[in-house]
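J.: Next come the chains, spelled out residue by residue.
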Amino acid sequence: MAHRWKSDLNWSDVTPKQAFLNRRQLLTGAAALVASPAIAGLGGAPSAYSTTEAPNTLEEITNYNNFYEFGTDKEDPAQNAGGLTTDPWAVQIDGLVDKPGSYDLGDLLSGVSLEERIYRFRCVEAWSMIVPWVGFELSTLLARVGVQPSAKYVYFETLVRPEEMPGQRRPLLDWPYREGLRLDEAMNPLTILATGLYDEPLPNQNGAPLRLVVPWKYGFKSIKSIVRISLMDKQPETTWNMINAREYGFYSNVNPTVDHPRWSQATERRIGGGLFSKRQETLMFNGYGEEVADLYAGMDLKKLY
Amino acid sequence: MPVSDRINATLRKVPAWPLYIVGPLPGLWVFWLGLTGGLGVEPIKALEHELGQFALKLLVVGLAITPLRRFAGLNLIKFRRAIGLLAFFYIVAHLAVWLFLDVQDGSLIWKDIVKRPYITIGMAAFVLMLPLALTSNNWSIRKLGPKWRQLHKLTYLAVPLGGIHFVMLVKGWQIEPLAYLFVILGLLALRFRFIQRRVAA
Ligand code: HEM
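So the protein sequences, as listed, match chains A and B. UniProt numbering applies: residue 1 is where the first sequence begins, and numbers increase by one. UniProt numbering applies: residue 1 is where the second sequence begins, and numbers increase by one.
Only chain A is shown next, with the shape it has when bound in the complex (with noise of 0.2 Å):
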């Protein structure tokens, strides 16, 4: 029998849909990790980045999502994601790296060893959610394709399809989608690449078939259905940041002391509390200040936001 990180059921082979929609209840003792390799599933390892809080269901985690591609309600991705085609894939890797070229999903999955890393998730919208990802870090996948000295951002495209993403019809965004990071903080161990969650392929409304997550950054940095990953050596131009500087920096990370213009940063609502859900702090770096507070040492991040 699979045990991964809880030792009392086993959803992935023996529950029903229904019942592991249900299981954050089940889950309050979800500390228990239980470290034996998995069967069933993607079989991501448990790991030690992840947190103990206990995962919200699947349910929420796919019926709560920001993809603008597939329109701009909370609940349009679930409902239109549904007929993007997500095998074959390629990510173009090129700028400033060793080997550039056009890469198969399937040669980049090869080799690498998938992890399951139970993240906070804190949208910059001020909800929040804890994802069971499965995925690598970016970290190898950079090291794979060998990245040059003078190269000191990653930079990452979502796919342009109109034809499957209704919502790339409209100019509401200047597609493709981008986003990017410093070197330093793409190479921290706690950024991957996740590929799926609750240890199956990643639901297309979640950034089918291969998406970035960086834990301590708001959401939108985290891009989803990822083509394109590039290495520069100026700071790229990001997708929220080109529509309004002033309300979405390039770091974008979780910071409770610096508001967006229109709503607080200090407090989120975890999704799943119902009606009358209760708010909760939001912690610097969304609580993984350990991991990432030197990448900022000496910056101002209330400038820097």
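If you are wondering where the hints come from, they were derived from the structure by calculation, not from laboratory data. Heads up, the beta-carbon is just placed ideally off N, CA and C, and yes, glycines get one too. Treat the hints loosely; a few may be bogus.
[What the hints assert, rightly or not] Dumping the calculated EDC-like pairs for lysine to aspartate or glutamate here, alpha-carbon to alpha-carbon at most 16 Å:
hint : chain 1 : residue 1 : chain 2 : residue 2
1    : B       : LYS45     : A       : ASP233
2    : A       : LYS74     : A       : GLU60
3    : A       : LYS234    : A       : GLU164
4    : A       : LYS302    : A       : GLU237
5    : A       : LYS303    : A       : ASP233
6    : B       : LYS45     : B       : ASP102
7    : A       : LYS302    : A       : ASP259
8    : A       : LYS74     : B       : ASP105
9    : B       : LYS115    : A       : ASP73
10   : A       : LYS278    : B       : ASP102
11   : A       : LYS152    : A       : ASP259
12   : A       : LYS278    : B       : ASP105
13   : A       : LYS303    : A       : ASP259
14   : B       : LYS171    : A       : ASP73
15   : B       : LYS143    : B       : GLU48
16   : B       : LYS45     : A       : GLU60
17   : A       : LYS234    : A       : ASP94
18   : B       : LYS171    : A       : ASP174
19   : B       : LYS45     : A       : GLU75
20   : B       : LYS171    : A       : GLU60
21   : B       : LYS171    : A       : ASP94
22   : B       : LYS45     : A       : GLU125
23   : A       : LYS152    : A       : ASP73
24   : B       : LYS111    : A       : GLU237
25   : A       : LYS152    : A       : ASP98
26   : B       : LYS115    : A       : ASP259
27   : A       : LYS152    : A       : ASP94
[What the hints assert, rightly or not] Facing chain A, a subset of chain B residues (Cβ under 8 Å, in silico):
hint : residue
28   : LEU35
29   : GLY38
30   : GLY40
31   : GLU42
32   : LEU101
33   : TYR118
34   : LEU151
35   : GLY172
36   : GLN174
37   : PRO177
Place chain B with the ligand on chain A using the hints.
T.: Here is chain B with the ligand on its own, set in the frame of chain A:
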């Protein structure tokens, strides 16, 4: 007999009071949905949005009543008070969700009102509507006389503020809020005499 006359004749037999009973039902229904999981995984924002939308729709209907009579001969004046008061009911409910379910922290409320323009504007719209709601009764109309009509011109300020509030709170420029604002401004324009002459001609 023109269609409008026939409709007017029928409507004359329909009383306005059932609106006060039927009107709040959609609000109670969405509250119930929010309680029971029918508004998705984040019911607070969803409820706040639903109530704001009901309010705005009612305000638009309320603004349309005079032009409908002037240009289409349709007489719905009898229902206008109920529509206005229902809009106010939804704004109060919208505000209550914001206060008690969304923001929660009393110390943040004032900060939000002064710091966030879309809240400032929504609040301004609410404050302007308070005297209107309080004087939407026969006694006030009698008591205030011609001043009543002057006072109720505040609608022309309050409703577009509600529309602007909607435009400001969405990310980027989205079509729906702009469409509302466009309709509101159009209905207000029909109050200008020179435009009225053009439309009638
Ligand atoms: C005339 C008065 C008002 C009208 C017509 C109105 C209408 C609306 C509408 C249509 C929405 C958006 C619904 C959607 O996106 O589907 C909205 C959202 C909202 N309104 Fe109002 N509103 C009014 C007054 C207020 C007041 C007084 C407050 C608080 C002081 C307020 C706070 C909010 C908030 C917090 C949101 C949601 C913003 C978000 O998504 O984060 N509104 N309102």
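J.: Has the given pair, LYS74 (chain A) with GLU60 (chain A), been kept, meaning a C-alpha gap of at most 16 Å?
T.: With a Cα-Cα distance of about 11 Å, the restraint between LYS74 (chain A) and GLU60 (chain A) holds, given a limit of 16 Å.
J.: Is the shortest C-beta separation between LEU35 (chain B) and chain A less than 8 Å?
T.: Hint holds; LEU35 (chain B) Cβ to chain A Cβ min 6 Å, cut 8 Å.
J.: Min Cβ distance, LEU151 (chain B) to chain A: is it shorter than 8 Å?
T.: violated, 32 Å
J.: Check whether the Cα positions of LYS303 (chain A) and ASP259 (chain A) lie no farther apart than 16 Å.
T.: Measuring from Cα to Cα gives roughly 12 Å; hence the hint holds.
J.: Is it true that the CA of LYS115 (chain B) sits at most 16 Å from the CA of ASP259 (chain A)?
T.: holds, 10 Å
J.: Taking the closest Cβ pair, is GLY38 (chain B) under 8 Å from chain A?
T.: violated, 11 Å
J.: Going straight from one Cα to the other, do LYS45 (chain B) and ASP102 (chain B) come out at no more than 16 Å?
T.: holds, 7 Å
J.: Between LYS152 (chain A) and ASP98 (chain A), does the CA-CA distance stay at or below 16 Å?
T.: With a Cα-Cα distance of about 15 Å, the restraint between LYS152 (chain A) and ASP98 (chain A) holds, given a limit of 16 Å.
J.: At a threshold of 8 Å, is the proposed contact between TYR118 (chain B) and chain A supported by beta-carbon distances?
T.: Status holds, d = 6 Å.
J.: Can you confirm whether the C-alpha distance between LYS171 (chain B) and GLU60 (chain A) stays at or below 16 Å?
T.: violated, 22 Å
J.: Does the nearest C-beta of chain A fall within a distance shorter than 8 Å of the C-beta of PRO177 (chain B)?
T.: violated, 11 Å
J.: Against chain A, run the beta carbon of LEU101 (chain B) and see if the smallest gap drops under 8 Å.
T.: holds, 6 Å
Of the numbered hints listed earlier, those contradicted by the structure are 1, 3, 4, 5, 8, 9, 11, 15, 20, 21, 23, 24, 29, 34 and 37.
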